[in-house]
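Asks: Protein sequence lines, in the order shown, are assigned to chains A and B. Sequential numbering of the first sequence, starting at 1, is according to this note's numbering. Sequential numbering of the second sequence, starting at 1001, is according to this note's numbering.
If you're looking for bench data, these hints aren't it; they were derived computationally from the structure. Warning: the hint list may mix true and false statements.
Okay, the calculated bits of chain A under chain B, using three or more residues with CB under 8 Å as the criterion [stated by the list, open to error]:
(1) 12-18
(2) 22-28
(3) 34-42
(4) 51-57
(5) 64-77
As a list, the in silico EDC-like pairs of lysine to aspartate or glutamate whose alpha-carbon atoms are at most 20 Å apart [unchecked claim]:
(6) Lys1026(B) to Glu97(A)
(7) Lys28(A) to Glu97(A)
(8) Lys88(A) to Glu103(A)
(9) Lys1112(B) to Glu3(A)
(10) Lys28(A) to Glu99(A)
(11) Lys28(A) to Asp96(A)
(12) Lys102(A) to Asp91(A)
(13) Lys1118(B) to Glu3(A)
(14) Lys1118(B) to Asp1005(B)
(15) Lys1026(B) to Asp96(A)
(16) Lys28(A) to Asp91(A)
No experiment lies behind these values; they were computed from the predicted model shown. Beta carbons are placed, not taken as given, at the ideal position from N, Cα and C, and that holds for glycine.
If you want the building blocks of each chain, they are given just below.
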Amino acid sequence: MIEVGLTHFLIVSSALFSFGIYGIITRKNAVMVLMGIELILNAANINFVAFSRYLNLGLSGQVAALFVIILAAAEAAIALAIVLNIYKTFDHVNVDEIEKLKE
Amino acid sequence: MNIYDIIFYLFAAITLVSGFFVVSTKNIVHAGFYLLFTLFGVAGLYVLLGADFIAIVQLLVYVGGILILLLFGVMLTNKITSVDLRSGTSYIIPAVIGVGILWGALTAVLFKTSWRSKAPSGMDPTTSEIGRLLITDYVLVFELLGILLLVALIGAASIARRDKE
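This is chain B alone, in the form it adopts within the complex (with noise of 0.2 Å):
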């Protein structure tokens, strides 16, 4: 067992230990925490896969975004002084015992499927490569989804700022 393992297991933990607390704790200000180190937990496996590019900018977009503007969220749409920051579950029994199917199926296809996988290169970097796929191979995803964000941010600012006639 050596040191990648170890790094493996210690982010996977983190990421599904955190992952579990964030849909069954009841207060939703720790499950935005929770929801914090699960993030940082899958930029580690980023990491550990060789991916350096994409655990920066999941760092960067997750956790300096989406998970600011969760928190906007919940900050937003609770009464905070007067209620707490309680979050009713429902169907808890019939949704365990149909995630558990749905795990138990994922993992035996999994080990079922014999995948072509070849052994890993190194470590190289990945930024000038990923680069270049998004100017040449990908430029028409690329293009479109800059203006997927753009029509996305115009739109919600303007359905978030709507007054009621």
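Chain A extracted, bound-state conformation (with noise of 0.2 Å):
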């Protein structure tokens, strides 16, 4: 068996990412669809900290990992609060039924 190197990394970054989109979708709820997302976020962050080790580019792929964790937060806080008012506008948060943004 070969030793472990980047492409290691990008095959299951890639798995990663595959799943995520799986579950954008296929879920109807929309907090699971988040999860989807936390799960692409996560995928292109290996890939940012691997290219950074593997590559010759320093440690800007670090950063750059940094500053998509930090989006992540900001984006779950965002999307949380616009599903909670979904479901107390709607009663339920199922994607594929909400066709209007109001009432």
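Join the two chains into one complex using the hints; note that each chain is given alone, in its own frame.
Replies: Structure (structure tokens):
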């Protein structure tokens, strides 16, 4: 078996990315869609950190990963506020049944 | 096969298996807890990649913050006492086909590309270098992200608290 290198990490991150896409496509609950988005962001972060280690780029990749984590925190806060409002308005959070922006 | 490879396969297995359960389990609370294991596995991968600071930030922000927020979202948007916490699914077969094609294409690209990779350097501590980059090369992005976080948190609080007129 070959030694673990850049390709191994990229394969893991691409699989995680595919799981995230699958979750976003198939789940109806808005919170589950958010979890899929978190998986995708984590996959992107693995790529950033792996390239930062295995390519000759310095630590810029790790700084980008840090920025992605910050953006994920902001995104989760905003999205959950929106989900709570949707729940207050429609009494459910099924994204495929929400067709109007207001009652 | 040295110890590094074994630990890599362990963390990769944790990440991918729990990631699969996150998107396939019916129970939303279970999905939240599987997401916990996925995030832990990703933090382990960061450690293996020599990114100690990012791994700790991953644990603090994702596991300590975002996951708790998501679980709050689950608890607040489901009638726990009356309805079970099942979440419907749709378009499973087209999704499996599409995602399978996507993953196949991604891995094909991965193997076809000749990465100009170098032999990885040692596991030096990265915190001081990241801090230096944050206040030199990336200081504008850093400040903008600070403002963005402030705006996002104020916006989230005001959106979530808005009363119906």
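Asks: Look at each hint and say if it fits the structure.
Replies: Okay, the hints, checked on the actual structure:
no., hint, result
1, 12-18, "holds (count 6)"
2, 22-28, "holds (count 6)"
3, 34-42, "holds (count 6)"
4, 51-57, "holds (count 5)"
5, 64-77, "holds (count 12)"
6, Lys1026(B) to Glu97(A), "holds, 19 Å"
7, Lys28(A) to Glu97(A), "holds, 9 Å"
8, Lys88(A) to Glu103(A), "holds, 11 Å"
9, Lys1112(B) to Glu3(A), "holds, 18 Å"
10, Lys28(A) to Glu99(A), "holds, 13 Å"
11, Lys28(A) to Asp96(A), "holds, 6 Å"
12, Lys102(A) to Asp91(A), "holds, 13 Å"
13, Lys1118(B) to Glu3(A), "holds, 14 Å"
14, Lys1118(B) to Asp1005(B), "holds, 18 Å"
15, Lys1026(B) to Asp96(A), "holds, 17 Å"
16, Lys28(A) to Asp91(A), "holds, 14 Å"
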